[in-house]
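Enquirer: Produce the complete structure using the sequences and hints provided.
Chains as they are written, first to last, in the numbering used here: chain A, 1 to 194; chain B, 1001 to 1194.
For the record, the hints were derived by calculation from the structure and aren't laboratory data.
It should be emphasised that the depicted structure is a prediction, and the values quoted were computed from it without experimental measurement.
Note that the Cβ used here is the ideal one computed from N, Cα and C, for glycine as well.
One or more hints might be untrue.
[Said to hold, decoys possible] Derived lysine-lysine pairs resembling BS3-like cross-links, with alpha carbons at most 25 Å apart:
hint : chain 1 : residue 1 : chain 2 : residue 2
1    : A       : Lys61     : B       : Lys1147
2    : A       : Lys61     : A       : Lys87
3    : B       : Lys1087   : A       : Lys12
4    : A       : Lys147    : B       : Lys1061
5    : B       : Lys1052   : B       : Lys1147
6    : B       : Lys1061   : A       : Lys155
7    : B       : Lys1155   : A       : Lys61
8    : B       : Lys1029   : B       : Lys1052
[Unchecked claim] Covered stretches of chain B, as calculated for chain A (at least 3 residues, CB under 8 Å):
hint : segment
9    : 1028 to 1039
10   : 1078 to 1085
11   : 1137 to 1146
[Claimed, not checked] Calculated Cβ distances over 10 Å to all of chain A for the following chain B residues:
hint : residue
12   : Phe1011
13   : Thr1043
14   : Lys1061
15   : Thr1107
16   : Thr1152
17   : Leu1153
18   : Glu1158
19   : Lys1162
20   : Ser1180
Number of protein chains: 2
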Amino acid sequence: MQALFDYFEQFKVLSETEKQAITATCSIKRVEKQEMVETSGSTSNTIYFLEKGIARIYYYKDGKDITEYFALSGNLVARVQSLFTQKPSPKAIQMLEAGELIAINATQFFQLFDTYPGIERLFRLMLEASYLESVERIESIQFHSAKERYETLLKEMEIIQKVPLKYIASYLGITQVSLSRIRANYLPNDTQIS
Amino acid sequence: MQALFDYFEQFKVLSETEKQAITATCSIKRVEKQEMVETSGSTSNTIYFLEKGIARIYYYKDGKDITEYFALSGNLVARVQSLFTQKPSPKAIQMLEAGELIAINATQFFQLFDTYPGIERLFRLMLEASYLESVERIESIQFHSAKERYETLLKEMEIIQKVPLKYIASYLGITQVSLSRIRANYLPNDTQIS
DNA sequence: CTATTCCTTTAACAAATGATAAATAATGAG
DNA sequence: CTCATTATTTATCATTTGTTAAAGGAATAG
Chain A
1 MQALFDYFEQ FKVLSETEKQ AITATCSIKR VEKQEMVETS GSTSNTIYFL EKGIARIYYY
61 KDGKDITEYF ALSGNLVARV QSLFTQKPSP KAIQMLEAGE LIAINATQFF QLFDTYPGIE
121 RLFRLMLEAS YLESVERIES IQFHSAKERY ETLLKEMEII QKVPLKYIAS YLGITQVSLS
181 RIRANYLPND TQIS
Chain B
1001 MQALFDYFEQ FKVLSETEKQ AITATCSIKR VEKQEMVETS GSTSNTIYFL EKGIARIYYY
1061 KDGKDITEYF ALSGNLVARV QSLFTQKPSP KAIQMLEAGE LIAINATQFF QLFDTYPGIE
1121 RLFRLMLEAS YLESVERIES IQFHSAKERY ETLLKEMEII QKVPLKYIAS YLGITQVSLS
1181 RIRANYLPND TQIS
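Expert: Structure below.
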């Protein structure tokens, strides 16, 4: 549980009381590789913190498996659209590497906002950060070639090397075949062609 | 000023006192077509509500003018990255149609959070909505062709017809020439080819 | 109204990515 | 370990989008 509060600490807003209140909404869950953390069709009521392991959010579009998001350990994962709108989600969360999750009960967590303004502030600040990340990802998709996006992803998430290629392709918005092609042509910057 | 509070009303969180407190952070500004509302290089300290008119956020990338966002009347516009990080922004806000803005002083507005939790909640809820919009735009860019994105934009924002094509192309992540080509080939769904 | 400037379209060709299919390679169950 | 399954690469061809250049239209200042 400590890792979660280390994560929250960057926002420097929680009092001890608030931390305790949050703790009461959390539970720990051990998960296997390939395990489904949340399945498509359900309405989300949980925010996960990934203590260890790798997860992805994915959905099916026109029969194709699309990876929307990769989560590495030390980060939060949630099906936010469903969480905020309280509608069933077409998306699912799946482990790509075994690990351990902290599951935050969102209903309970959101109720704390009325009693502890510091917790609502924490959430607001996390939202700001996520929103900026999202805006940056738009820019990345919109104005970079598939090759550039792949190189950026490699830099940002070295651990991505553990993830099957087929999941990465859809995250980058291209086909598996295109990604394979890009990798085949890919030469690191310091490679000399003689 | 009423239009702004009508907009806020959808979130149903503000008391009268809170509305008055917000009013004190606002000023009204009349703006001409083509007028620069905020210029590149400055650090943003203002959230705008567009009472009337059309605005865009844009920046230069590799010497090219890139439209990041179109704002239609009845919506908020802000250079959020700069606002949240308090760093100078490479982005600018420009009017495409003359109109009237409500300028919210962000420093003052954010300070109200400590006194009025309802105002912080309002902001949190607006952030949630913007974040979801942003996630949806990622999906739109990533898994739709330029043609599909153009059609979607037409449906979402009819007023976009007033906006010069060259600004729309970069918003869609394509070149002006490609957009022109798409429009040339474009036939509405109910058109019969005989 | 006219001239200039800016915007949009068109054309021709290049480059990137998609679709499909088949060949290898890697992985996991038994 | 071996077989069956799954993942990745390679190949070929089609399609989309980019690049550059030029021509045609629209808007605006004077």
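Enquirer: Evaluate each hint against the coordinates.
Expert: Hint-by-hint comparison with the structure:
Under the criterion of a C-alpha separation no larger than 25 Å, the hint pairing Lys61(A) with Lys1147(B) is consistent with the structure, at around 18 Å. Between Lys61(A) and Lys87(A) the alpha-carbon distance is near 18 Å, which keeps this suggested pair within the 25 Å criterion. Among the hinted pairs, Lys1087(B) with Lys12(A) is consistent with the structure: their alpha-carbon atoms are about 20 Å apart, no more than 25 Å. Distance restraint check for Lys147(A) and Lys1061(B): the Cα-Cα separation of roughly 18 Å lies within the 25 Å cut-off, and the hinted pair is therefore satisfied.
Between Lys1052(B) and Lys1147(B) the CA atoms are separated by roughly 29 Å; this puts the pair beyond 25 Å, and the hint is violated. Note on Lys1061(B) and Lys155(A): the hinted pairing holds, with a Cα-Cα distance of about 21 Å set against a maximum of 25 Å. For the hint linking Lys1155(B) to Lys61(A), the alpha-carbon distance of about 21 Å falls within 25 Å, and the restraint holds. Restraint check for Lys1029(B) and Lys1052(B): satisfied, since their Cα atoms lie roughly 11 Å apart, inside the 25 Å limit.
Judged by the Cβ-Cβ criterion of 8 Å, the segment 1028 to 1039 of chain B is not covered by chain A as claimed, because only 0 of its residues qualify and three are needed. Residue count for the segment 1078 to 1085 of chain B with a Cβ under 8 Å from a Cβ of chain A: 4. That meets the three needed, and the coverage hint holds. Coverage of the segment 1137 to 1146 of chain B by chain A holds [criterion: at least 3 residues with CB-CB distance below 8 Å; count 6]. Residue placement check: Phe1011(B) keeps its beta carbon more than 10 Å from all beta carbons of chain A (closest about 12 Å).
Remark: the non-interface label on Thr1043(B) is consistent with the geometry, its nearest Cβ contact in chain A lying 15 Å away (cut-off 10 Å). Distance check on Lys1061(B): its Cβ comes as close as 6 Å (rounded) to a Cβ of chain A, failing to clear the 10 Å threshold; non-interface status is violated. Under the 10 Å C-beta cut-off, the non-interface status given to Thr1107(B) relative to chain A holds; the minimum distance is some 16 Å. Every C-beta of chain A lies more than 10 Å from that of Thr1152(B), the closest at about 14 Å, which supports listing it as non-interface.
At the 10 Å boundary, the C-beta of Leu1153(B) stays outside the reach of chain A, the nearest C-beta of that chain being 13 Å off. Listed as outside the interface, Glu1158(B) is consistent with that label: its C-beta sits roughly 23 Å from the nearest C-beta of chain A, beyond the 10 Å cut-off. Consistency note on Lys1162(B): stated as away from chain A, and its beta-carbon is indeed over 10 Å from all of that chain's, at 23 Å minimum. The claim that Ser1180(B) lies off the interface holds: its Cβ sits roughly 19 Å from the closest Cβ of chain A, which is beyond the 10 Å cut-off.
Checked against the numbered hints given earlier, the structure breaks hints 5, 9 and 14 and satisfies all the rest.
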